[in-house]
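**Q** Sequence:
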Amino acid sequence: MNNAPAPDALRHMAEQGDADAQHELGCLLIEGTGIPQNAKQGIRWLKKAADRQHIGALLTLSDIYQESTAARRDMAASFKYREQAARLGHIGAQYSLGNFFLSAHAINKAIYWLRKAADQGDEHARIQVAGLYLEYSQSPDEIEQAIRWTLASAETGDEIAQYNLAISYEKGRGVEADQQKALHWFTKSANQGFAKAQYSLGDIFAAAHDIDKAVYWLKKATEQGHEDARMLLSTTYLEHSQSPDEIEQAIRWLLAAAENGNETAQYNLALSYEKGHGVEADRKKALHWFTKSAEQGFVQAQYHLAARLASATEPNAKQAAFWLEKAAQQGHPAAQSILAEFYLAGHGVPQNTQQAIHWLRQAAAQGDEQALHNLNILENTQQHIPYGNFPTFRKIGRLIKRLFSGRSH
64 MNNAPAPDAL RHMAEQGDAD AQHELGCLLI EGTGIPQNAK QGIRWLKKAA DRQHIGALLT
124 LSDIYQESTA ARRDMAASFK YREQAARLGH IGAQYSLGNF FLSAHAINKA IYWLRKAADQ
184 GDEHARIQVA GLYLEYSQSP DEIEQAIRWT LASAETGDEI AQYNLAISYE KGRGVEADQQ
244 KALHWFTKSA NQGFAKAQYS LGDIFAAAHD IDKAVYWLKK ATEQGHEDAR MLLSTTYLEH
304 SQSPDEIEQA IRWLLAAAEN GNETAQYNLA LSYEKGHGVE ADRKKALHWF TKSAEQGFVQ
364 AQYHLAARLA SATEPNAKQA AFWLEKAAQQ GHPAAQSILA EFYLAGHGVP QNTQQAIHWL
424 RQAAAQGDEQ ALHNLNILEN TQQHIPYGNF PTFRKIGRLI KRLFSGRSH
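Per the working numbering, the very first residue in the sequence shown carries number 64; after that it's consecutive.
Since the hints were made in silico from the structure, they are not lab data.
C-beta: ideal position from N, C-alpha, C; glycine also.
A portion of the hints provided could be inaccurate.
[As the list claims (entries may be wrong)] What follows is a set of in silico ranges between Cβ atoms, one per label pair, in the way DEER data are often shown:
id	residue 1	residue 2	range
1	Q392	P307	39 to 47 angstroms
2	G288	E239	39 to 47 angstroms
3	D137	Q116	15 to 23 angstroms
4	A215	E239	40 to 48 angstroms
5	E432	A215	45 to 53 angstroms
6	A344	K143	41 to 49 angstroms
7	G97	A167	16 to 24 angstroms
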């Protein structure tokens, strides 16, 4: 039995200032339910209810301005009404506002609103706040609180909390690092279908050369649309699979992602063309994709591109130095060591011993023993170091022969 007042009675109540009636009348007018549809009048009544701090009206207006055909889309108005509802204590509004700020990378505001919802008992908000504390907070109290919340939620079976707890154990954030516990919680989360955990397991097993397990979990994550998992599965297939179908699938994935601008895919596709793995070897295509990836700042591509330019039939020391410097600035130790040689010899850059020392220091600070050895010699004696003393050059193969044969540009 419908106990709702008739439209005439509802209108009378609305005109008397009843906020519930104003809200209901506004919704009926917008929907055309039981009375002629009139969106303009409906919004007018909703605004009257909103002026009386009616939470339902505030949320309805927020939704209307975000995605309804009843009014022109107005995200500023939508946000204003949702924020008013959140300030009045509506948990759902607080939660959605927190996620809005999270998507905008406004972390402090995201934490503020999610914490409001969490304090009112919203479990999802609490898990998110805990994750944000673990990722961003410098407060020991907040980190300790985050671990307590995360552990409690993980033990009751929440897959996101299990994943966050695994990350904490993996990185030693808020707890003592423990890779076995990390693996335990990644597995718990992955078994519940959480794609990020499935990808993390795939990555762990790939690094441990347990290829069967890596492929199993990467497939699971890929089936859910996890792009990083798809990329890692592609390279795993290319490196380890003997199946023509899997190799062909890997190339298709890489090509699609590369053409869509994914720098990792561009780099891996370049390697495939260079090695002739899954495709016919093609140096021009390899150089093309190395360049595309390098231009997007992918450090491995920058380093490889420098090596290819330096070791080409017609070497280009200037361009090689340009890309070495890009990679060196991102902390690539081999690029830093080789760039030091470029500055010592004046290949592709003006000769500059101080710059050479600078880059050797950078490489040595990352634990490059040969760079440290060469740095000591150079700083103590200012003497030239023979090119062959750099093991990184030997790894590049033909680079030395080509680059320092007198044919560089």
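**Q** Compare the structure with each hint and give your call.
**A** Against the structure, the hints:
At about 41 angstroms, the CB distance of Q392 to P307 agrees with the hint of 39 to 47 angstroms. For G288 and E239, the hinted distance range of 39 to 47 angstroms is not satisfied, since their beta carbons lie about 34 angstroms from each other. Evaluation of the 15 to 23 angstroms hint for D137 and Q116 yields a pass: the beta carbon distance comes to about 20 angstroms. Evaluation of the 40 to 48 angstroms hint for A215 and E239 yields a failure: the beta carbon distance comes to about 19 angstroms.
The given range of 45 to 53 angstroms is respected by E432 and A215, whose C-beta atoms sit roughly 46 angstroms from each other. Taking the beta carbon of each, A344 and K143 are about 59 angstroms apart, not inside 41 to 49 angstroms as hinted. Between G97 and A167 the C-beta distance comes to about 40 angstroms, which lies outside the given range of 16 to 24 angstroms.
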